[in-house]
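Asker: Here are the chains, one letter per residue:
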Amino acid sequence: MSILVVCPRFAPDTGGIETLLAQVLPELSTRGLEIVVAAGTGREDHAPVEVLDGIPVYRIPFDLPMHSAKPAGILEAAHRIRMIEADHEVRIRHVHGFGDIGLWYALRAHQRRPLPLVVSVHGTFESLGRLAPSAEKLLRAADVVTAVSGPVRSAVYEAIPDLAAEVRLIPNGLRFVDTAPTTRPVAGQLLGVGRLLEQKGFDIAVEALARLRATHPSCQLMIAGDGQCADAIRRQAKRSGVASRVHLLGNISREDMRRAMNDASIVLVPSRHTEGFSLAALEAAHAARPVIASGIGGLVETVENGVTGLLVPPDDPGALARAIARMLDDPVGAAAMGQVAHERARERFAFERCVDAYHGLYVELDSPALLSTASRV
Amino acid sequence: MPAITHERLDDEVIAINLETGIYYALVGPGADVWSCFDPAGSVGGACVVLAARYRTSADEIRADVEAFARRLEVAGLLADVEAPDPPAGALPVAPPQSGWASPELEEYRDMADLVLLDPIHQVDEAGWPHLPESAG
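Note that the protein sequences, when read in sequence, are chains A and B.
Just so we're on the same page, the working numbering is the position in the first sequence counted from 1, plus 101.
Just so we're on the same page, the working numbering is the position in the second sequence counted from 1, plus 5.
Don't read these hints as lab results, they were simulated from the structure.
Keep in mind it's a predicted model, so treat the numbers as computed, not measured.
Hints are not guaranteed to be accurate.
Facing chain B, according to a computed beta carbon distance under 8 Å, are these residues of chain A, among others [what the hints assert, rightly or not]:
(1) S103
(2) P172
(3) I175
(4) A179
(5) H180
(6) R213
Derived CB-CB ranges, DEER-like [as the list claims (entries may be wrong)]:
(7) A/E453 to B/T61: 53 to 59 Å
(8) B/A117 to A/P262: 23 to 29 Å
(9) B/A117 to A/A187: 40 to 46 Å
(10) A/R241 to B/A106: 46 to 52 Å
(11) B/E111 to A/S255: 27 to 33 Å
(12) B/E71 to A/N352: 52 to 58 Å
Every residue gets a Cβ at the ideal spot worked out from N, C-alpha and C, and that includes glycine.
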């Protein structure tokens, strides 16, 4: 059985969906499924096609011809998807993420040749204000919609109350690192992980750090990830007098990420919106580190307030600063929260359960009875 | 007549109305009708060419072609001009992938929204975190 996965970007690009798929897809492949990826090109200089962990990955410039209104480029991208599907005898399409124009190509492919369709929603639509009609059409065309958390599932039903497809909850899971963290956290070291975009709210973390300058002078903020806002964050840190205490690490390897998590005493997820789950929070739990996160979207499930971390209102640097101070002033309590997070993550966000859920879904959709229903849109 | 940019690949045409930002997709018979009118053509001429291509009669498909031409006109993709009957535009040599069916025009009015989904369009020159006014 061959499955085409359409996603905004793919490893080695970084991001939540990229991290999830980089682990889940090779595992599905070992279970006898042929997985093929059609990913946007991102900003890196990727080869048009390469094999990563046994998965053929086709990089398709989804966005550039669309941005520049070039019909030839749009047609070529759509044509490439058709050729990939023909070459690999694809029987199921699976679209991950709603933050990219790749969804339009998936919709076009479905309109031209309906196949069983899975749409996995990873965010809660806030940044869009409303659902774009093409996104709604794609959701309506899906045989099954999956959501990475309860709030995401609610957001789907809220956006399309009469959605015919079932919305299944498949929480993200990452491969658990067997070895428990052995290093002690560096006192006062805060870590933020994610793309440096406005929605991730790292400017709020910088502002919170500035507010802690007098009371917690040794506090440092490390930020792993890259993005268009890097320079703005540097400028803000300089303006706020904390330039020497804000360290932008850029995109780092998985190994360096584990090291950064182990070094951190607190992991911050100060997102403004669209946080459907937060793999950064899950990775923090793997490393037994407590999280302070915005109490929005899927974060309210990934982080248990007062148990595995603290939730604060979004876009509120004062509240974030107070929560950081509370944890820094109670290192024993913070460490205990990290430990509970570690144990609960093993139960609630098990990697095998996540892989099993996607695998089961494909097997179900590939049954002849369901194949005959693939005719919506 | 608004500025239209368009291209054909195999049996598919993408046309973009640059003034409205609406994207259109035409496939199979729709793409062939489009090609018959590119750069100019008449309904009568198109029916003759299309009938030969789809191994049917011009009378059989005339109503479909007329309706589709009107649809293209309403969308601003086709303009009615006074001119001597021009020859139909060239069609691909490759045979059609399916038989004749009423042509369809897929319309996508949300491309501007979709483009805005891409974070690289979320900041203006003042820099992050200030969203450009148009994104609000």
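Asker: Hints broken by the structure, by number, lowest first?
Answerer: Hints 1, 9 and 10 are the ones this structure does not satisfy, whereas the remaining hints hold.
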